[in-house]
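Novice: Given these sequences and hints, build the entire structure.
Protein chains: 2
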Amino acid sequence: MAPLHGLNFVASALRKSGRTFAVSSPVDGNLLDGKFQLARPIDAEEALAAAESAAGPFARMTGAERAAFLERVAEEILALGDALIERAAAETALPVARLTGERGRTVGQLRLFAAAAREGSWVDARIDRAQPDRQPLPRPDLRRMKLPLGPVVVFGSSNFPLAFSVAGGDTASALCTGNPVIVKAHRGHPGTSELVAGAIRSAVDACGVPSGVFSMLHGEGNVIGVQLVKDSRVKAVGFTGSRAGGRALMTAAAARPDPIPVFAEMSSCNPLFVLPEALATRSGTIAEGFRNSMTLGVGQFCTKPGILIAVEGESLARFRKELAAAVAAAAPAPMLTAEILREYDAHREALLGVAGVRVLAQAEAAADAAHSQAAAVVAETDAATFLTQPQCSEEVFGPCSLLVAVHDLAEMRAVARRLDGQLTATIHGTDADLEEAADLFELLAGQAGRLIVNGYPTGVEVCHAMQHGGPSPATSDSRFTSVGTAALERFIRPVCLQDMPDRLLPPALQNANPLGLERIVEGVRGRH
Amino acid sequence: MAPLHGLNFVASALRKSGRTFAVSSPVDGNLLDGKFQLARPIDAEEALAAAESAAGPFARMTGAERAAFLERVAEEILALGDALIERAAAETALPVARLTGERGRTVGQLRLFAAAAREGSWVDARIDRAQPDRQPLPRPDLRRMKLPLGPVVVFGSSNFPLAFSVAGGDTASALCTGNPVIVKAHRGHPGTSELVAGAIRSAVDACGVPSGVFSMLHGEGNVIGVQLVKDSRVKAVGFTGSRAGGRALMTAAAARPDPIPVFAEMSSCNPLFVLPEALATRSGTIAEGFRNSMTLGVGQFCTKPGILIAVEGESLARFRKELAAAVAAAAPAPMLTAEILREYDAHREALLGVAGVRVLAQAEAAADAAHSQAAAVVAETDAATFLTQPQCSEEVFGPCSLLVAVHDLAEMRAVARRLDGQLTATIHGTDADLEEAADLFELLAGQAGRLIVNGYPTGVEVCHAMQHGGPSPATSDSRFTSVGTAALERFIRPVCLQDMPDRLLPPALQNANPLGLERIVEGVRGRH
Numbered sequence: 245m246a247p248l249h250g251l252n253f254v255a256s257a258l259r260k261s262g263r264t265f266a267v268s269s270p271v272d273g274n275l276l277d278g279k280f281q282l283a284r285p286i287d288a289e290e291a292l293a294a295a296e297s298a299a300g301p302f303a304r305m306t307g308a309e310r311a312a313f314l315e316r317v318a319e320e321i322l323a324l325g326d327a328l329i330e331r332a333a334a335e336t337a338l339p340v341a342r343l344t345g346e347r348g349r350t351v352g353q354l355r356l357f358a359a360a361a362r363e364g365s366w367v368d369a370r371i372d373r374a375q376p377d378r379q380p381l382p383r384p385d386l387r388r389m390k391l392p393l394g395p396v397v398v399f400g401s402s403n404f405p406l407a408f409s410v411a412g413g414d415t416a417s418a419l420c421t422g423n424p425v426i427v428k429a430h431r432g433h434p435g436t437s438e439l440v441a442g443a444i445r446s447a448v449d450a451c452g453v454p455s456g457v458f459s460m461l462h463g464e465g466n467v468i469g470v471q472l473v474k475d476s477r478v479k480a481v482g483f484t485g486s487r488a489g490g491r492a493l494m495t496a497a498a499a500r501p502d503p504i505p506v507f508a509e510m511s512s513c514n515p516l517f518v519l520p521e522a523l524a525t526r527s528g529t530i531a532e533g534f535r536n537s538m539t540l541g542v543g544q545f546c547t548k549p550g551i552l553i554a555v556e557g558e559s560l561a562r563f564r565k566e567l568a569a570a571v572a573a574a575a576p577a578p579m580l581t582a583e584i585l586r587e588y589d590a591h592r593e594a595l596l597g598v599a600g601v602r603v604l605a606q607a608e609a610a611a612d613a614a615h616s617q618a619a620a621v622v623a624e625t626d627a628a629t630f631l632t633q634p635q636c637s638e639e640v641f642g643p644c645s646l647l648v649a650v651h652d653l654a655e656m657r658a659v660a661r662r663l664d665g666q667l668t669a670t671i672h673g674t675d676a677d678l679e680e681a682a683d684l685f686e687l688l689a690g691q692a693g694r695l696i697v698n699g700y701p702t703g704v705e706v707c708h709a710m711q712h713g714g715p716s717p718a719t720s721d722s723r724f725t726s727v728g729t730a731a732l733e734r735f736i737r738p739v740c741l742q743d744m745p746d747r748l749l750p751p752a753l754q755n756a757n758p759l760g761l762e763r764i765v766e767g768v769r770g771r772h
Numbered sequence: 245m246a247p248l249h250g251l252n253f254v255a256s257a258l259r260k261s262g263r264t265f266a267v268s269s270p271v272d273g274n275l276l277d278g279k280f281q282l283a284r285p286i287d288a289e290e291a292l293a294a295a296e297s298a299a300g301p302f303a304r305m306t307g308a309e310r311a312a313f314l315e316r317v318a319e320e321i322l323a324l325g326d327a328l329i330e331r332a333a334a335e336t337a338l339p340v341a342r343l344t345g346e347r348g349r350t351v352g353q354l355r356l357f358a359a360a361a362r363e364g365s366w367v368d369a370r371i372d373r374a375q376p377d378r379q380p381l382p383r384p385d386l387r388r389m390k391l392p393l394g395p396v397v398v399f400g401s402s403n404f405p406l407a408f409s410v411a412g413g414d415t416a417s418a419l420c421t422g423n424p425v426i427v428k429a430h431r432g433h434p435g436t437s438e439l440v441a442g443a444i445r446s447a448v449d450a451c452g453v454p455s456g457v458f459s460m461l462h463g464e465g466n467v468i469g470v471q472l473v474k475d476s477r478v479k480a481v482g483f484t485g486s487r488a489g490g491r492a493l494m495t496a497a498a499a500r501p502d503p504i505p506v507f508a509e510m511s512s513c514n515p516l517f518v519l520p521e522a523l524a525t526r527s528g529t530i531a532e533g534f535r536n537s538m539t540l541g542v543g544q545f546c547t548k549p550g551i552l553i554a555v556e557g558e559s560l561a562r563f564r565k566e567l568a569a570a571v572a573a574a575a576p577a578p579m580l581t582a583e584i585l586r587e588y589d590a591h592r593e594a595l596l597g598v599a600g601v602r603v604l605a606q607a608e609a610a611a612d613a614a615h616s617q618a619a620a621v622v623a624e625t626d627a628a629t630f631l632t633q634p635q636c637s638e639e640v641f642g643p644c645s646l647l648v649a650v651h652d653l654a655e656m657r658a659v660a661r662r663l664d665g666q667l668t669a670t671i672h673g674t675d676a677d678l679e680e681a682a683d684l685f686e687l688l689a690g691q692a693g694r695l696i697v698n699g700y701p702t703g704v705e706v707c708h709a710m711q712h713g714g715p716s717p718a719t720s721d722s723r724f725t726s727v728g729t730a731a732l733e734r735f736i737r738p739v740c741l742q743d744m745p746d747r748l749l750p751p752a753l754q755n756a757n758p759l760g761l762e763r764i765v766e767g768v769r770g771r772h
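Chains A and B supply the protein sequences, listed in that same order. Every position in the first sequence, counted from 1, becomes a number in our numbering once 244 is added. Every position in the second sequence, counted from 1, becomes a number in our numbering once 244 is added.
Calculated directly from the structure, the hints in this document are not laboratory data. We put the CB at the ideal spot given by N, CA and C, even for glycine. Careful: at least some of the hints might be erroneous.
Unchecked claim - Residues from chain A that face chain B, not an exhaustive set, calculated with beta carbons under 8 angstroms:
id : residue
1  : E686
2  : V697
3  : S716
4  : P738
5  : Q742
6  : R769
To be verified - So the derived label-pair ranges between C-beta atoms look like this:
id : chain 1 : residue 1 : chain 2 : residue 2 : range
7  : A       : G465      : B       : G597      : 43 to 49 angstroms
8  : A       : G465      : B       : S476      : 27 to 33 angstroms
9  : A       : D589      : B       : R304      : 42 to 48 angstroms
10 : B       : A308      : A       : D589      : 52 to 58 angstroms
Said to hold, decoys possible - Chain A regions said to be covered by chain B (calculated; three or more residues, Cβ under 8 angstroms):
id : region
11 : 367–373
12 : 378–385
13 : 390–399
14 : 501–511
15 : 704–711
16 : 719–732
17 : 743–755
Specialist: So this is what it looks like as C-alpha cells:
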C-alpha cells in the first residue's frame with residue numbers, strides 16, 4: 245500500500261495546509277503512520293465553491309449514471325482490500341471480523357442506494373392533469389417531483405469508521421439523490437477516511453462525475469464543521485455523534501438567515517423492559533443476551549441497551565446473579581480512542597456517583613488503561629432514584645448499563661414515561677406477558693423509533709422497513725431515518741410544475757412516463 | 245344567529261378570563277359585536293393537558309372514525325350558513341364571493357383529508373420479513389408505519405380566515421393523521437374563529453372524539469403562542485404569517501431541550517419573468533393578468549406576484565403603458581385590518597424610498613385610509629439597483645409590486661440568482677422563449693416550490709401534486725408542503741416494529757393486510 249498522504253480532498257485537488265496532526269494506536273499509544281493536514285478556512289471555501297458548481301450538473305445526471313457511480317464507489321472500496329481493514333483496525337481497535345462485516349454493510353448500502361437511484365421512483369412523481377372546463381375555475385396541470393436539496397455536509401462518526409463515515413449511509417443517500425457531499429472526517433480515523441475518500445475520488449474520475457461532488461476535510465474541534473454548516477451554499481447536514489456535538493450543529497443551522505435541515509443522530513439509552521413471566525422463565529438467556537449486546541463493540545453502539553427495567557422479586561434476584569456472572573466473564577477491550585475512554589470513565593463515574601446507584605456487576609479482569617481498555621459494568625438502582633435523578637437517564641457511551649428494579653408494572657410504566665426520546669426500546673415477554681403489555685407498547689412507540697420484541701437493539705438492518713431515528717434527543721427530527729432506503733428522503737424537496745409543456749418537463753413527469761416510474765396520477769399510484 | 249360568546253375553547257369547556265378585546269370593522273372602524281376573552285396561561289395549560297390526554301385515544305381511533313369526524317366538521321361549517329360568511333366579511337373586508345369560495349375550499353380540504361384518513365395508506369406501511377437462515381446473521385422481521393407526532397399547535401392566518409385558520413389545512417392534516425390540535429386564533433377575525441371552533445366542537449361531541457383533541461385560544465402578541473410552542477407536550481407547529489412571526493416560533497422551538505418541527509409559511513415575492521417574445525407578442529394580456537393577480541384579495545395573498553422581470557426595449561415600453569393603464573383602473577379596497585394597512589404603507593414606502601426605485605403606475609382613485617383602503621402601486625427599478633438593495637427583494641404584503649427592467653437575459657438570470665427562496669416563480673414565454681430558458685427553469689427550481697408557465701401564482705389547488713412550500717424564507721422547511729394531501733406528512737413519524745407477533749401488530753402491519761392498504765413488502769409496492 246502507498247503511504248498515506250494526509251491531504252485534504254478539495255474536489256479534484258489535494259490540499260496541504262502546513263498544520264498537521266497524527267493519531268496513535270488506541271491499543272498501545274504508539275503513533276500510527278501518516279501526518280494529516282488540518283483544513284484551513286480557504287480549503288473549506290474551495291470545497292464549498294466546487295460543490296455549488298457541481299450541484300446543477302450532478303442533479304442533471306441520470307439515475308443510471310448516479311447508480312453506476314455509487315456501484316463504482318463500492319468496487320473501489322473493495323479494491324482497497326486488506327489495507328483498509330488493517331488501517332481501520334489500527335485506528336479504532338475494532339476487531340478485523342467486525343470491520344470486515346462493516347465493510348460488507350457499507351458496500352451493500354451503496355449498492356442498495358444505487359438500485360434506488362437506477363429505479364428512480366424516489367422522486368415521488370405526482371400528476372394532476374388540467375381540467376379546463378372545471379367550474380367555477382379551470383384547474384391547471386400540476387406535476388410534482390422531488391429534487392436534490394444541494395450540497396450536504398456529512399460528519400463522520402467515531403464508532404462506524406466505514407458504515408457511518410466517509411462513504412457511509414449519509415453520503416450514500418445524499419449522492420443517490422443528486423446532492424454533492426462535503427465530508428468532515430472524524431478525527432479518530434483519518435487514515436481510514438483518506439483511503440475511503442480516495443476510493444470515492446477514483447470513482448468520481450472513472451464515472452465522469454463533476455469533481456465538486458465530493459470533498460473531504462480534516463479538522464480539529466468544530467471550527468471547520470461550523471464554518472461549513474453556516475455557509476449559505478450548504479443545504480443540509482448529516483451527523484452521527486454526541487448530543488453536544490449534534491446540538492451545536494443544530495443551533496448553528498437554526499441561526500442562519502436561511503435555516504437548513506440537520507439530521508443529527510445523537511444519544512440513546514435503548515431501554516430494555518423484561519416482563520415478569522419472561523424473567524421467571526428465561527432469566528439466564530436474557531442475562532447472557534443483554535451482556536452480549538451491551539458489550540458488543542465495547543459498548544460503542546448508538547443502540548447499546550443502556551437501561552434494563554425489571555420487577556423486583558425472586559426472579560430478579562436470580563437474574564442479578566446470572567447477569568453478574570455473565571458480566572464478570574466479559575473481557576476488557578480497547579475503546580475507539582483514548583479520549584472516548586476518558587469520556588466513558590467520566591460518564592460512568594457520574595452515574596455511579598448518584599446516591600442510590602450501586603455497582604451490580606463488573607468484569608473480573610481489570611481494564612488496562614494504558615491500552616485504552618474499558619471493562620464492562622452494570623450499575624443498579626431503584627425506580628425512586630431513577631425517577632428523580634436525571635443522570636440515570638443520560639447515555640453512557642461504552643460498556644456500562646443500568647438495571648432499574650421496579651416494584652410492579654405500574655412503576656415500570658412510570659420509568660418508561662420518564663425516559664427521553666430513544667432510537668430503540670425493547671420488550672422481553674412471554675406470549676402472556678405481551679398480551680397484557682399493550683399500554684407499554686403504546687407508550688414506547690411514542691418515545692422510540694424502533695420497538696424490538698424478545699431481541700436486542702444492537703444490529704440495525706439496512707432495508708426498506710428500518711427506522712433509525714427517534715424523538716429528541718435520539719435524533720434531531722423523528723420524522724426521518726438515517727438507515728435504510730427511506731434515509732434518502734432527508735435530502736430531497738418537492739417542486740411542482742404548473743402548466744409546463746410536456747416536451748419541457750423532466751422525463752419523470754412527462755405523459756409517456758419514459759422512465760417507467762411508479763407515479764401517483766390523479767391520486768392513483770401505479771407505473772403509469 | 246346566537247350572539248358570540250367570546251370565550252376560549254379549552255377542550256370541552258368554555259373559559260372566561262376577564263380581559264377582553266373587541267374588533268372593529270376594517271371598512272368603517274365601527275366596533276363589531278363580541279368581546280373576546282384573552283386566554284390566560286392557565287387556559288393554555290388546561291388545553292395542553294387535555295391534548296396530551298387525548299393523544300393516545302385519538303391515535304387509536306380508526307381511520308374511518310377520524311374520516312367521519314372530519315366530514316362532520318365540514319358539515320357543521322356548512323351548517324353555519326350565511327352567518328359565517330357575513331361575520332368573516334365584516335371582520336376581514338373580504339368580498340362575500342371570495343369568502344364563499346374559501347369556505348368551499350375549506351370544506352373540500354376537510355373532505356379530501358377525510359378520504360385520506362379512510363383510505364389509510366398514508367401510514368406508508370413497509371414490511372421486510374424475517375430471514376432466519378440468512379448468513380452470516382439471520383434477519384429479524386421488520387415492519388414500519390407512521391404514527392401521529394402528538395399535539396400540534398396551529399396558528400391561524402390573517403388572510404385566509406377559513407382555509408388557513410381554525411379548520412384550515414394545518415388543522416385538517418393534523419387531525420387526519422391523529423394529532424390533537426390547539427389553535428391560536430388570529431387576532432383579526434376572532435368571531436369567525438369562534439364560529440368555526442364551535443363547528444369543530446359540535447363535531448367532536450357528535451363523533452365521540454376525545455374532547456382534548458381540539459382547543460382554541462384567543463391571545464394578544466405572541467405570549468400564549470410562545471408558551472404553547474415551548475411546552476414539552478407540544479410535538480409540532482403549523483404557522484402561516486409574517487417572516488418575523490414565523491422566525492420567532494422557529495427560534496423558540498429550536499431552543500427547547502427537545503426541539504420540535506415547525507412548519508412556517510412566511511414570506512414570498514413570487515417573481516414573474518416575462519421572456520422577450522412573450523413580451524413582444526402579448527404584453528397587453530400579461531399586463532392585465534399581472535394586475536389582476538397582484539390586486540387579488542387586495543394583494544394579501546402569500547402567492548401575490550411581487551416582482552416582474554422583463555428585458556428593456558420597445559416591448560417593455562409598451563408594456564409599461566399597458567400596465568400603468570391597468571393599474572390606474574384598479575379600485576382601492578379595504579385591507580384585512582387597520583394594522584395590516586399600516587404595515588403595508590410602511591413597507592411600500594420603504595421600497596419607494598430606495599434610491600433608484602420610482603413609481604411606475606398607481607391606481608387613479610385615491611385610497612380612503614379611514615376605510616382601511618389600499619391602492620395598487622407598481623414601482624420600477626433596474627437590475628443594478630435590485631442587485632444591490634436588499635429592500636427590493638423584501639415582500640410587501642398588499643397590492644404593491646416591483647418591475648425590474650433588465651438589459652438582457654444574462655441580467656435576468658443575475659436577478660433570479662439574487663432572489664431568496666420563494667413559494668412560486670413564474671415564467672411567461674412563447675414556445676421559442678421557453679425552449680431557450682432551460683437554465684432559468686433550473687435556477688428557479690432551486691429557489692421556489694412551484695414553477696408556473698404562462699399563468700399567475702395566485703390560486704393554489706388543493707390536490708396531490710401541489711407543493712406549497714419553498715426554500716427559506718418562503719417556508720421553514722422546503723421538504724414539506726402546507727397545501728395538498730402531502731401536507732399530512734408534516735405531522736407523522738415512522739416507527740419500526742421488530743419481531744412483533746402478528747396478532748399484536750397494528751392492523752396496518754399484519755400479514756393479512758386487513759385494512760387493504762397499499763404497502764411496500766420486500767421493497768415491492770402493492771395492496772398486499
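Novice: Establish whether the coverage given for the region 367–373 of chain A by chain B is satisfied; the threshold is a Cβ-Cβ distance below 8 angstroms, and no fewer than three residues must meet it.
Specialist: Holds, because 3 residues of the region 367–373 of chain A bring their Cβ atoms closer than 8 angstroms to Cβ atoms of chain B.
Novice: If you count the residues of the region 501–511 of chain A with a beta-carbon closer than 8 angstroms to a beta-carbon of chain B, do you get 3 or more?
Specialist: Result for this restraint: holds, n = 5.
Novice: Can we keep the Q742(A) interface hint, with Cβ of chain B closer than 8 angstroms?
Specialist: holds (4 angstroms)
Novice: Let's test the interface hint: is any C-beta of chain B closer than 8 angstroms to that of R769(A)?
Specialist: Holds, because the Cβ-Cβ distance from R769(A) to chain B comes to roughly 6 angstroms (cut-off 8 angstroms).
Novice: Hint validation: P738(A) versus chain B, beta carbon distance must be below 8 angstroms. Holds or violated?
Specialist: Given a least distance of 5 angstroms, the restraint on P738(A) holds.
Novice: Are at least 3 residues of the region 704–711 of chain A within less than 8 angstroms of chain B when you compare beta carbons?
Specialist: Holds: 6 residues of the region 704–711 of chain A have a Cβ under 8 angstroms from chain B.
Novice: Given S716(A) as an interface hint, is the shortest Cβ-Cβ distance to chain B below 8 angstroms?
Specialist: Result: holds, 4 angstroms to nearest chain B Cβ.
Novice: Quick one: see if chain B covers the region 743–755 of chain A, three-plus residues with Cβ-Cβ under 8 angstroms.
Specialist: This one holds; 4 residues, not fewer than the three required, reach chain B with a Cβ under 8 angstroms.
Novice: Please verify the coverage claim for the region 390–399 of chain A: does it have three or more residues whose C-beta sits within 8 angstroms of some C-beta in chain B?
Specialist: Coverage by chain B holds here, the residue count being 3 at a Cβ distance below 8 angstroms.
Novice: Minimum Cβ distance from E686(A) to chain B below 8 angstroms?
Specialist: holds (6 angstroms)
Novice: Would the hint on V697(A) stand, with a C-beta cut-off of 8 angstroms toward chain B?
Specialist: holds (5 angstroms)
Novice: Is it true that the C-beta distance of D589(A) to R304(B) lies inside 42 to 48 angstroms, as the hint says?
Specialist: At 45 angstroms between Cβs, range holds.
Hint check: no violations occur; every hint is consistent with the structure.
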